[in-house]
Structures are given as C-alpha cells and as structure tokens.
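Please model the entire structure based on the sequences and the hints provided.
Protein chains: 2
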Amino acid sequence: MNLIESLRQLIPDTDRVTANETIRNQHSQDISSYHQPHQPDAVVYPKTNTEVSQIIAFAHQHNIPLVPFGVGTSVEGQVIPVKGGISLNLTMMNNILDIRPNDFLVKVQPGVTRKQLNLALKEHGLFFPVDPGADATLGGMAATNASGTTAVRYGTMRQQVLGLETVLADGRTIHTGGLAVKSSAGYNLTGLFVGSEGTLGIITELTLRVYGIPEWTLAARAVFPDVGAASNAAAAMRMCALPLDRIELVDTRTIQVVNQFKQTTFQEAPTLFLEFSGTRQAVEHDFTLAQQLLQEEGSLDIAYDTDTKARNELWTARHEAALAFTASAPGKRLLSTDVCVPLSALPSAIVNARQAIDEAGLDGGLLGHVGDGNYHAALLIDPTNPDELTRAQHVNEQIVHYALSQGGTCTGEHGIGLGKAKFLKQEHGDNAVQLMQAIKQLLDPTDILNPGKIFLP
Amino acid sequence: MNLIESLRQLIPDTDRVTANETIRNQHSQDISSYHQPHQPDAVVYPKTNTEVSQIIAFAHQHNIPLVPFGVGTSVEGQVIPVKGGISLNLTMMNNILDIRPNDFLVKVQPGVTRKQLNLALKEHGLFFPVDPGADATLGGMAATNASGTTAVRYGTMRQQVLGLETVLADGRTIHTGGLAVKSSAGYNLTGLFVGSEGTLGIITELTLRVYGIPEWTLAARAVFPDVGAASNAAAAMRMCALPLDRIELVDTRTIQVVNQFKQTTFQEAPTLFLEFSGTRQAVEHDFTLAQQLLQEEGSLDIAYDTDTKARNELWTARHEAALAFTASAPGKRLLSTDVCVPLSALPSAIVNARQAIDEAGLDGGLLGHVGDGNYHAALLIDPTNPDELTRAQHVNEQIVHYALSQGGTCTGEHGIGLGKAKFLKQEHGDNAVQLMQAIKQLLDPTDILNPGKIFLP
Numbered sequence: 001m002n003l004i005e006s007l008r009q010l011i012p013d014t015d016r017v018t019a020n021e022t023i024r025n026q027h028s029q030d031i032s033s034y035h036q037p038h039q040p041d042a043v044v045y046p047k048t049n050t051e052v053s054q055i056i057a058f059a060h061q062h063n064i065p066l067v068p069f070g071v072g073t074s075v076e077g078q079v080i081p082v083k084g085g086i087s088l089n090l091t092m093m094n095n096i097l098d099i100r101p102n103d104f105l106v107k108v109q110p111g112v113t114r115k116q117l118n119l120a121l122k123e124h125g126l127f128f129p130v131d132p133g134a135d136a137t138l139g140g141m142a143a144t145n146a147s148g149t150t151a152v153r154y155g156t157m158r159q160q161v162l163g164l165e166t167v168l169a170d171g172r173t174i175h176t177g178g179l180a181v182k183s184s185a186g187y188n189l190t191g192l193f194v195g196s197e198g199t200l201g202i203i204t205e206l207t208l209r210v211y212g213i214p215e216w217t218l219a220a221r222a223v224f225p226d227v228g229a230a231s232n233a234a235a236a237m238r239m240c241a242l243p244l245d246r247i248e249l250v251d252t253r254t255i256q257v258v259n260q261f262k263q264t265t266f267q268e269a270p271t272l273f274l275e276f277s278g279t280r281q282a283v284e285h286d287f288t289l290a291q292q293l294l295q296e297e298g299s300l301d302i303a304y305d306t307d308t309k310a311r312n313e314l315w316t317a318r319h320e321a322a323l324a325f326t327a328s329a330p331g332k333r334l335l336s337t338d339v340c341v342p343l344s345a346l347p348s349a350i351v352n353a354r355q356a357i358d359e360a361g362l363d364g365g366l367l368g369h370v371g372d373g374n375y376h377a378a379l380l381i382d383p384t385n386p387d388e389l390t391r392a393q394h395v396n397e398q399i400v401h402y403a404l405s406q407g408g409t410c411t412g413e414h415g416i417g418l419g420k421a422k423f424l425k426q427e428h429g430d431n432a433v434q435l436m437q438a439i440k441q442l443l444d445p446t447d448i449l450n451p452g453k454i455f456l457p
Numbered sequence: 001m002n003l004i005e006s007l008r009q010l011i012p013d014t015d016r017v018t019a020n021e022t023i024r025n026q027h028s029q030d031i032s033s034y035h036q037p038h039q040p041d042a043v044v045y046p047k048t049n050t051e052v053s054q055i056i057a058f059a060h061q062h063n064i065p066l067v068p069f070g071v072g073t074s075v076e077g078q079v080i081p082v083k084g085g086i087s088l089n090l091t092m093m094n095n096i097l098d099i100r101p102n103d104f105l106v107k108v109q110p111g112v113t114r115k116q117l118n119l120a121l122k123e124h125g126l127f128f129p130v131d132p133g134a135d136a137t138l139g140g141m142a143a144t145n146a147s148g149t150t151a152v153r154y155g156t157m158r159q160q161v162l163g164l165e166t167v168l169a170d171g172r173t174i175h176t177g178g179l180a181v182k183s184s185a186g187y188n189l190t191g192l193f194v195g196s197e198g199t200l201g202i203i204t205e206l207t208l209r210v211y212g213i214p215e216w217t218l219a220a221r222a223v224f225p226d227v228g229a230a231s232n233a234a235a236a237m238r239m240c241a242l243p244l245d246r247i248e249l250v251d252t253r254t255i256q257v258v259n260q261f262k263q264t265t266f267q268e269a270p271t272l273f274l275e276f277s278g279t280r281q282a283v284e285h286d287f288t289l290a291q292q293l294l295q296e297e298g299s300l301d302i303a304y305d306t307d308t309k310a311r312n313e314l315w316t317a318r319h320e321a322a323l324a325f326t327a328s329a330p331g332k333r334l335l336s337t338d339v340c341v342p343l344s345a346l347p348s349a350i351v352n353a354r355q356a357i358d359e360a361g362l363d364g365g366l367l368g369h370v371g372d373g374n375y376h377a378a379l380l381i382d383p384t385n386p387d388e389l390t391r392a393q394h395v396n397e398q399i400v401h402y403a404l405s406q407g408g409t410c411t412g413e414h415g416i417g418l419g420k421a422k423f424l425k426q427e428h429g430d431n432a433v434q435l436m437q438a439i440k441q442l443l444d445p446t447d448i449l450n451p452g453k454i455f456l457p
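Chain order of the listed sequences is A and B.
For what it's worth, the numbering used here labels the leading residue of the first sequence as 1, then goes sequentially.
For what it's worth, the numbering used here labels the leading residue of the second sequence as 1, then goes sequentially.
Among the clues, some could well be false.
To be verified - Here are the simulated distance ranges between beta carbons:
1. B:Leu10 <-> A:Asp430: 23 to 29 Å
2. B:Thr265 <-> A:Gln292: 40 to 46 Å
3. B:Leu442 <-> A:Lys422: 56 to 62 Å
4. B:His124 <-> A:Gln292: 20 to 26 Å
It should be emphasised that the hints constitute simulated quantities derived from the structure, not laboratory data.
We put the beta carbon where it would ideally sit given N, CA and C, even for glycine.
Structural data, given as structure tokens:
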C-alpha cells in the first residue's frame, strides 16, 4: 500500500487514487482485443495538468511505469500496463476549454470524447470530423493518430492537431504548435507526439481544427456480387477524383453479424457505404456521376438517404461492426488487422485477405476505409485457444506481409502497441527504428512512459 | 585546395566539385533576401544518394559544415553557408523516378522543381498542388515545409510528403514513411524531417501525393476600397466554408509594382485573387454565392476568367509580386515577413501591418495566403543602409509580436533560417526549444548539417 499512500499525498481525494480490484481489472485490458490483460498496481484519476505533472515526476523519481488510459477503445494493447505501475485514467480531464467558431478551432482536455465534442460544436454549426467508430477520447485518438471513415476527406488526427500541451517523462510541461493552421517554425514536435502512443509524454490539452457542417449530406449503399468487384469500385471511385466524405467496404460476413446485432435488414452481400457532402446542387451532381460509375463496376443495387436519421442509422450499423462481431460469439475477443496499401493494390489485398481467413477456417469479416487503401480483417478468436490464436496471427502476418510488399503499412490507424511491434523493423528498416528508439531514450531515459509498447523488448 | 582534392577523390568528375569564385558566389546567398552573403569553401553537385552519403560521411569525419542548396529561393537565409564548408547543390538529382497515376503518388529526387513535376504530371491528368510562387525544388520545399496559394485547400508540404529517403549526419541513409496515404506505425520521422531546413539530414528522395486536375476552374478578382475591407471579406469567405482553392490578398502598392513589372492593368486597389475548382456546376454555384458575399463585404468590382491562359496570367502576376518588388528598385533586397494568425485576428493584423510599414517610412506591400491567416509584408531595403534595415527589422518585430500575441506563428511557410531564430523561444517557450535542440544534438552531434540555422548561436 506504499504506492497508494504516496500517490494520495499528491492527490488527497481518495476516490481518485485506488488499488480497488475491480477498477484495476477494468484498467488491465482494452474493450475487445485479444491481448493478454495485466493489472496496474494503482489507478489514478488526475483532474489538472499540475496533478499529471506531479504524478509523472513521482513516477520518474521512483522508476514506476505509467500508462495513460482513456476509454479503453485502442485495439493493439496500448492501455495494458504490461509492467504494472500506474494506470493514469484521464477521463476526469474532460472539459471543452474553448470553442472559437470564427477560427475553426477548439481547445479540449484529453478526456473529452469525440461525441461529447460534436454535441457541443453542433450549436455553432461546426463538427469534428475524425471518426474511428468508437466514442474514443481525443487524447487517445491523438496518441494513436486515429482516423476512420472520414480520413479520405479530412485526413487523420495528425492533420487536425494544431497544438498540444504535454507532460514529459520528468514532469515538465511542454507546449507545442499553436493556433495558426500552418507553421514552419522549427521542428514539428506536435507531429512527433501525435501517434507516439503515450511513450513520449502524456497529453494534457489539445488544440484541434473543426469544420463547418456541410449544407447537404447524402449517404448511399451500393451492393456488389463479390468483394473483388466492391474493391475495384472503391478504387475506381477514388481515381475519378469525386469528392467523397466516406467510402467504406463491408463484406458479407460483416453485414450478417450487423443485421443480427442491430436487427437491420441490409442485403447480405459485399457493400460500399458512401457519403457525399457540400451544397445540395454539387452533392446531387456528384452522386449522379457516382451512380453511373458504381453501375459500370457491377453494383447490383444502389440505395441512398439524405435525412439525418436514416444516415445516422446507416453509419451506426457500420460503426458497430466490431461490437457486432464480439456480440455474435460471447467469450471471444477480436484480432483486427489494420494494413493500409496504395490504392492500386487494394483489390488484390482484399481478395487475398478474404481467402486467407477462409483457408485458416476462422470466423471473421472484412471492413474498412477503402478510399484510403486501409481495411481491417476482424477475426474472432478464443484467446485461451492457442491453436485459434496461432491461426489468426498467421492470417495477420500474411496480410501484413502482402501490404508491406506493396509499400504499405502494417497499421493505418490503430498504432503499433503490443501487437504490431514485430513488424516495425520490417516496415521501416533498422536505421529508422534505431532513430525512433533514440528519440524514445532522449525523451524518456528511464522508460517509465508506457513501457513495452511500439518496440520489441 | 586540400578540401577540393579530397572531395574529388569521392567524385572524380571535376565539374561537379569546384571552388570557382563565381560559383561559390552564387552559393553564398539566396535570390532576393536581405541576409548577408557568405561563401562556401567548395560547391559539390552529387548525382546519387551514394555520392551524397560519401560526401556527408567525409564532412562528418573532418567536421566540415555542409549546406544543401536547390535553386536558392528560400528567403530566410537557409542556403547561406554562414560557417563556410561545402554547399551541396542538389539540382543534378532532378529525376522523376516514378509516376503512379492509380495511386496518386510520385517518387522524385530532391532537385526536381515543382514546375518540372507538373509538366510531367499533366499528361496523366494529375498535378502537384503546393505552390509557393517560386519554381522551387521539391527537396527545398520539403525542407522548409513550404506551402503558398493552394494550402487553403490542399495543405502544406507536410501533408503531401508520404515518405523520404534522407542521409543522416554520419552518412547513413534512412527511409521513412512509405506509399500508404496514412500510417500509425511508430514515430512520425517523415514529419520531423519535413521543415527541418537541412539541419537533421539531407533529403535524397521524396514520395509525394498528387491530385487529379479538376474538371473546371474559375479564377476571380475582387477589388475593395481598403485593405481592411479586403481582409474582412477573406475571413468571411472562409467562415461560410465555401470550397476555395486559393484566396490571396494583394494590396495597392503590390498591384502597382506588378502592373509596372508585368505591363498589366489591374485596378490599383486592394484586391482578393480567388480560385474555385470542381465540376462545372459546383464551381458556378459556389461562385454565385461568393459574388454575393464579396459584394456584401464591400467589393467594388468583381471579374472572373475560366480559360487557362487568362487564369495563368492572373496567377503569374500574383506569383511574380516579390520579383516585381525587387525589379522596382535595383540594388535593393527584400525582407519578407511571414506570420500566420488565427482567422479572426487577420483583419486587425493586416491593418496594423500596413500602418507599421507607413509609419516606418518604408516602401513595401502586403500580400498573402489569407485563407490560412498567412500574409507577407514585402519590404524593400538597401542592405548596406543600416538605418533602413533597422526600421524594416522593427516592422518585422511589430508584426511578429502581434501575431504571437494572437496565438499565431512567426513563420507560416518560409521557415526560421537565420532571420526568425530570435523569435523561436518567444513562440514555443524554453522547454520546446530545448527539446528541438536535443533532437538536433541527437541527429547531428557535431553540428555539421546547416549549422547556424533555426537556433540562435
């Protein structure tokens, strides 16, 4: 109890420093991934930058591992305290600090979730576009450089984060970036912290870009005879440079589990979910062109909606696909691949992936943000069944190796965490990984910040 | 001659290793800035990554400063070898290595210029959007995180560079990024090299995003009674979230020198130059809305063109504004400010800047990429007249201090180089600058790569 007592000298509020078994258990794993849980020794809920700074300085002094935790929706084990220590739960730092409608900017604390932010932005006619599906915290989304369905139009977190307040491993606070939408003033430290998965510092404040809600939005579904045709259509849509907000592929198996989970009646066939936005005239014109193209690429059926409720239902179905998979097989956990390939390699990558899943005799679906060449194989596995885990890992490796052979990446948006560390050198080469490790060593010489992540031990 | 002889052992081609006085002089300064020239001891023209690597390894071994040089269009003294040594002219590395139309990607060597790339892309229906005005090399543009007129739509170099091949200070080559349009695989090293102004490594290859040439493009000019009204209109255009490709402010003095230099007849009043692109229907619809808005904001006259020749003439006039200024006063050089402010602070920033120039009794114009809150005061100065230089520096400081007080940056796109180093701490704070210096020390422990830049001595 020494650790708890020491931490309570920093944060006297006993509810916010705990070794409670249930709470430690909640912080031992993420929501759905297959990674082995591991409990922290203590869970701390800071409310201010100063408290974060004090806790990190304490951890630094006593060489205690420290792992940031938002709502636990990361999928590569990023939040698992593999070496014990402190789980730093940032959900009490959930204030929206400033909304500047005329500057298209907001300042938020790291525990604000994307849905919370969008609710607050709505009355200003604004929205925050990055949409990984889960209602993740913005701090967590920055830490993994999350993206999701809208990246094809708005880019990833890296394009939205203009500035950060971050506590370094020694407890000092650093401010990077600012309110200007572009800057060439020195090294891009903001871009270094974004995607560093809590291994270089703990984010305590973010300045983010936000956007005007478009005048008119149209969501559409296009059904295809097979996954290859759907992938070809996705690539073709991008190549004709139609302005798309979202272009998502969902395969038959995914539609099946979604229908079951959400009581929906989507046709059980490979489908592209699409979204267009802008002025009404432009959207209608673009969608007419898109329909022609989708038909040329073999779409069997195209449906669309423009009212908000119907559109939300469609995207909720898409967003809850991962949840639908885990709900379809109680006790099972998800292994989700996350490669991103150049657009021309997408159709072959998708077809190969579907084949690999079937050959391995696994239950799983394909879905993804195919406008960017990013897709996931969601594989259902019993983590206590070593054979099933091995087969799923093998499928993951096949998918990653193909992506890397095409110049792609092993992770488009989930990050490295525990699960992709073995691919890092293969993707980047020795010199790049060595430089990443030197930067880690420079910023966190005693390896207290989220140790065991990104790099192989 | 020891240095030259040693370098010729690495590159036996005598033309490519020289101490010729004229050539050294050409490499002692940039094209138009006020910074004090300083000659290199040798100029080397490598043709391959291997040659670059050998030269850097040699420089590392003998502790010789090494400064990369493209076409010398940077404006903060980035290319000036303030400590002598080797000027590494990369213009012989000007091959376009790969154009992948279906992936919207190209691979180029660092000496390829943006116009050269666009000429090659045209037959594929593609273009590279980043447009700093000058026909800069892509390596140089990446090194300063250049942007320009189209950043409001396409972003800066940082958003276009997907991957880099870079030679480190010890001669090793590092590959960062890849062909995927997004990645969360480890630390963002590509983003660290972009904007590092040759101080962390020498870029020998770039993978860049390219885009489809829009179906329809419309360029327009809107004339205003004063610079305040023009700035307000620019901010208003952005706030209504109309999709704009470019929105440029040019003040009266700038129009005057352009008219004189280009024999054009633009009305000599503050003007917004605008560009819209997309499908013809969308562009026409958006421009109709824009016209209403511009009139509401007090525009006296609006003209537009859709044919390529007329549009090119308009943008050539805008692009050659800096050249027009130097041509208008032979012997004088340019001091160009480069702040970027949040959109809401733009009108006051512009009005204050115009006042500061007039009060200082200087000749100069205001122009800039106001859709991003980025603008330049182009000040004509006689670099041998200490009083004029002092007054111009004072105006620069006033403009920078105002921008920083609004949360802006001292440089939106030119970089720090020599001229902005004094503002770096004020903008970022001690901890951030200390971390930048630690990263510099990590990557270039003996300070041979472009020494004297970014950080104050």
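Right, here's what the structure says about each hint:
Between Leu10 (chain B) and Asp430 (chain A) the C-beta distance comes to about 25 Å, which sits within the given range of 23 to 29 Å. Against the hinted window of 40 to 46 Å, the Cβ-Cβ separation of Thr265 (chain B) and Gln292 (chain A) comes to about 45 Å, which satisfies the hint. Leu442 (chain B) and Lys422 (chain A) have their C-beta atoms about 26 Å apart, which leaves the hinted 56 to 62 Å range violated. His124 (chain B) and Gln292 (chain A) have their C-beta atoms about 22 Å apart, which keeps the hinted 20 to 26 Å range intact.
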